[in-house]
Amino acid sequence: MTFDIVSFDLDGTLVDTASEIAEAANRALESHGIPPRPVEEITQLIGAGTHELMRQVLARVFQEQPLLVQRIRTQDVLESLDVHYADTTGTRSAPYLGAHETLARLKAAGVRLACTTNKELRHAHRLLEMQGMRRWFDIVIGGDSLPFKKPDARVLGHVISALGGDPRRTAHLGDSHTDVMAARNADVAAWAVPYGYNTGQPIEASRPDLLFPSLQAVADHVLHSRVAA
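The working numbering puts the first residue of the sequence shown at 23, with every later residue one more than the last.
Hints were generated in silico from the structure; no laboratory data involved.
Be aware that one or more of the hints could be misleading.
As the list claims (entries may be wrong) - The calculated label-pair distances, taken between Cβ atoms and stated as ranges, are:
| id | residue 1 | residue 2 | range |
| --- | --- | --- | --- |
| 1 | V249 | L100 | 46 to 54 Å |
| 2 | R248 | Q92 | 37 to 45 Å |
| 3 | A131 | R93 | 51 to 59 Å |
| 4 | D188 | L89 | 38 to 46 Å |
| 5 | H122 | R229 | 46 to 54 Å |
Note that the structure is predicted; figures quoted are calculated from it, not measured.
Quick reminder that beta carbons are idealized off the backbone N, C-alpha and C, glycines included.
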């Protein structure tokens with residue numbers, strides 16, 4: 023099978039962002055008088071966008087301290103998160119091994135590339151720019167770009183339509199069950215990497231079509247398929 027479009031998740035797939043997301047979340051909590059949460063706890067919530075992450079953090083806080091519900095407005099904390107994440111985005115993140123090389127090789131071969139993330143678009147653009155990755159992508163879709171987000175089939179459907187592609191020649195690569203389901207729902211190849219977040223669960227349990235040991239292996243597979251064709 024030849025692949026003309028490869029869609030990449032961002033957090034936990036191309037870039038390790040756990041530290042800076044946790045820092046921004048804890049800054050937002052502390053600005054409202056709430057003690058910081060463990061980095062490991064926040065890391066396991068990454069995947070649905072920063073706002074959804076913070077809502078889940080607050081749900082745990084309110085469960086532990088019910089009286090805070092009367093004093094803390096979720097929207098206020100979300101606004102604080104936006105401010106702090108704008109400051110931390112790109113400051114403590116690092117691309118995973120082979121990320122730049124993989125994107126460059128695929129782009130040079132004429133593969134159309136998408137970054138399809140549930141992270142809010144403004145944060146996704148900033149992170150990609152700061153990591154020097156934005157130039158490789160033909161399209162970037164954030165969690166607030168459309169009225170729906172991964173794993174809704176329409177997200178990757180939008181990507182394929184925008185790039186003039188065919189689902190049968192498209193793959194989506196991610197680190198989470200959400201990514202595997204997004205690919206399945208859109209009838210594209212569901213690829214995964216074994217590192218990343220995925221709520222602390224092994225990605226093998228989600229049964230992706232292919233599990234790659236590294237990003238370089240993704241490029242090798244795509245380019246080999248194009249040569250073989």
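A quick look at each hint next to the structure:
1. Distance hint for V249 and L100: a CB-CB separation of about 48 Å, consistent with the stated range 46 to 54 Å.
2. Distance hint check: the CB atoms of R248 and Q92 are about 60 Å apart, inconsistent with the given range 37 to 45 Å.
3. A131 and R93 have their C-beta atoms about 55 Å apart, which keeps the hinted 51 to 59 Å range intact.
4. Under the hint 38 to 46 Å, the C-beta atoms of D188 and L89, about 55 Å apart, miss the expected range.
5. For H122 and R229, the Cβ-Cβ distance of about 29 Å falls outside the hinted range of 46 to 54 Å, so the restraint is violated.
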